[in-house]
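Peer 1: Each protein sequence line maps, in turn, to chains A and B. For the first sequence, the numbering used here puts the final residue at 224, and the numbers step up evenly by one. For the second sequence, the numbering used here puts the final residue at 220, and the numbers step up evenly by one.
Heads up, a few of these hints could be off.
Derived DMTMM-like pairs: lysine to aspartate or glutamate, alpha-carbon spacing no greater than 25 Å straight-line [unchecked claim]:
#1 Lys184/A x Glu178/B
#2 Lys77/B x Glu178/B
#3 Lys77/B x Asp151/A
Derived by calculation from the structure, the hints in this document are not laboratory data.
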Amino acid sequence: MSDAAPPRDPPTVAALFWGFLSIGVIGFGGVLPWARRMMVEQRRWLTPAEFTDLLGLCQFLPGPNIVNLSVALGSRFRGIPGAVAAVVGLISLPMVIVMTLGAVYAAYADHPVVAQGAVGLAAAASGLVVATALKIASPLRGKWLGIGVALLVLVAIAVLHLPLVPTMLVLAPASILLHWWLQ
Amino acid sequence: MSDGAGGTALELAGVFGQLSLVSIGGINAVLPELKRQVVERHGWMTAGDFAALYALAQAAPGPNMLVSTLIGWHVAGLAGALAATGALVGPCALLTWLVAGAWHRFRDRPWRLLVQSGLMPVTAGLVVAAAIVLSEATAVSPGHAVLTAIAAVLLTATRLHPLWVLAAGAALGAAGLL
Numbered sequence: 042m043s044d045a046a047p048p049r050d051p052p053t054v055a056a057l058f059w060g061f062l063s064i065g066v067i068g069f070g071g072v073l074p075w076a077r078r079m080m081v082e083q084r085r086w087l088t089p090a091e092f093t094d095l096l097g098l099c100q101f102l103p104g105p106n107i108v109n110l111s112v113a114l115g116s117r118f119r120g121i122p123g124a125v126a127a128v129v130g131l132i133s134l135p136m137v138i139v140m141t142l143g144a145v146y147a148a149y150a151d152h153p154v155v156a157q158g159a160v161g162l163a164a165a166a167s168g169l170v171v172a173t174a175l176k177i178a179s180p181l182r183g184k185w186l187g188i189g190v191a192l193l194v195l196v197a198i199a200v201l202h203l204p205l206v207p208t209m210l211v212l213a214p215a216s217i218l219l220h221w222w223l224q
Numbered sequence: 043m044s045d046g047a048g049g050t051a052l053e054l055a056g057v058f059g060q061l062s063l064v065s066i067g068g069i070n071a072v073l074p075e076l077k078r079q080v081v082e083r084h085g086w087m088t089a090g091d092f093a094a095l096y097a098l099a100q101a102a103p104g105p106n107m108l109v110s111t112l113i114g115w116h117v118a119g120l121a122g123a124l125a126a127t128g129a130l131v132g133p134c135a136l137l138t139w140l141v142a143g144a145w146h147r148f149r150d151r152p153w154r155l156l157v158q159s160g161l162m163p164v165t166a167g168l169v170v171a172a173a174i175v176l177s178e179a180t181a182v183s184p185g186h187a188v189l190t191a192i193a194a195v196l197l198t199a200t201r202l203h204p205l206w207v208l209a210a211g212a213a214l215g216a217a218g219l220l
C-alpha cells in the first residue's frame, strides 16, 4: 500500500470526466474499489485520509455513495462543471453497457457456462471489495478508540444485521462524543 | 421488453425521485422499498424479473445504482431508463453539492475536525461490514469462499491489477472448477 503522496495540481474538468469514465467502465463489483485506486493510488487527487473523510461524508448523505463522491470531488476541484463532468463520466458509458448486457443476458442466461462464470466473477469481486475495505480502514492503524468504534459498527451491521440508518444515527454521534471526551 | 403494464417515464421518475433523498447508504438501503413500488404497487414486473435485473446490475461494470437504468429500460424503453436514472441521481447530487461545499470550507475548524475523527471509524466499520455481507452472499460454495479469500489477500498484498483477478474468477467459474 504505497499510497501516501502529497497533494498535487487540481485535475481539470476533462481529467475529472475521463477519470470517472475509466472507473465506471471497469467497475465490476461496484465502483468504490476502483474509485479509491484511481483517486488515491494512481492520480493522487486525494490522500488516503482525505479519501476516507470524503467517503464518510458521502455515506451520511442520501444517494449512491459513489455518485455523491463524484459530485463532492468534482465540485471541490472545478465547481459545478467539475461535478457534472464527474457524474456524467461515471454513469454514461455503464448505462449503455448495462442495457446492452441486459439484452445479451436475456438471451443467454440459461446457458450454464455463462451463469457459472458470472458467479465466479462475483466471488472474485467480493475479494476486491474486501481488500478495498481494509485499505479504507487503514488510517485507523494505531488508533484504538477508532478501531473499537469500527468493530462496534461492523458487529451491528454484519453480525446483528441491524438496519443501517438507525445504527448510524446512534453510533455516529456516540463516536463523535467519545472522540471529544477522550482526546 | 415492456409488457404494456402502463409504466411511463414520468411515473418512473416519481418513484426514483422519492427514493433518491431517502437512500442513505445507497441503493441497497432502499431495495426493499424499490421492490415494493415496482413489483407490488405498480405491477411493472414480477419479483423474479426484479431479482434478475438486480443481479445483472451487480455483475455489470459501473455503480450498482444502475439497476435504476435497467428497471427504467425494462418498463419504458430508453425514455424510462433516462428518467429513472436521472431522477435517482439528480436530487441526491444537488444535496451533496450543497453539503460538500460547506464541509470543505470548514475543514480547518476544530468542530469539523472533531466530527471527522468521529465519523472516520464509523465509515471504516460500515465499509468492512458491507464487504463481509457481500462476501457471504457470493460464497455459494466452499470453492467460491476460498476464491474470495485468495482474491482479497492477493489484492491487499500485491499490486496485481484487479481485472486479472476478476477474469480468473470468471474463468474458474465458467470451467466448473469452483
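Peer 1: Please list, smallest to largest, the hint numbers that this structure does not respect.
Peer 2: Number 1 only.
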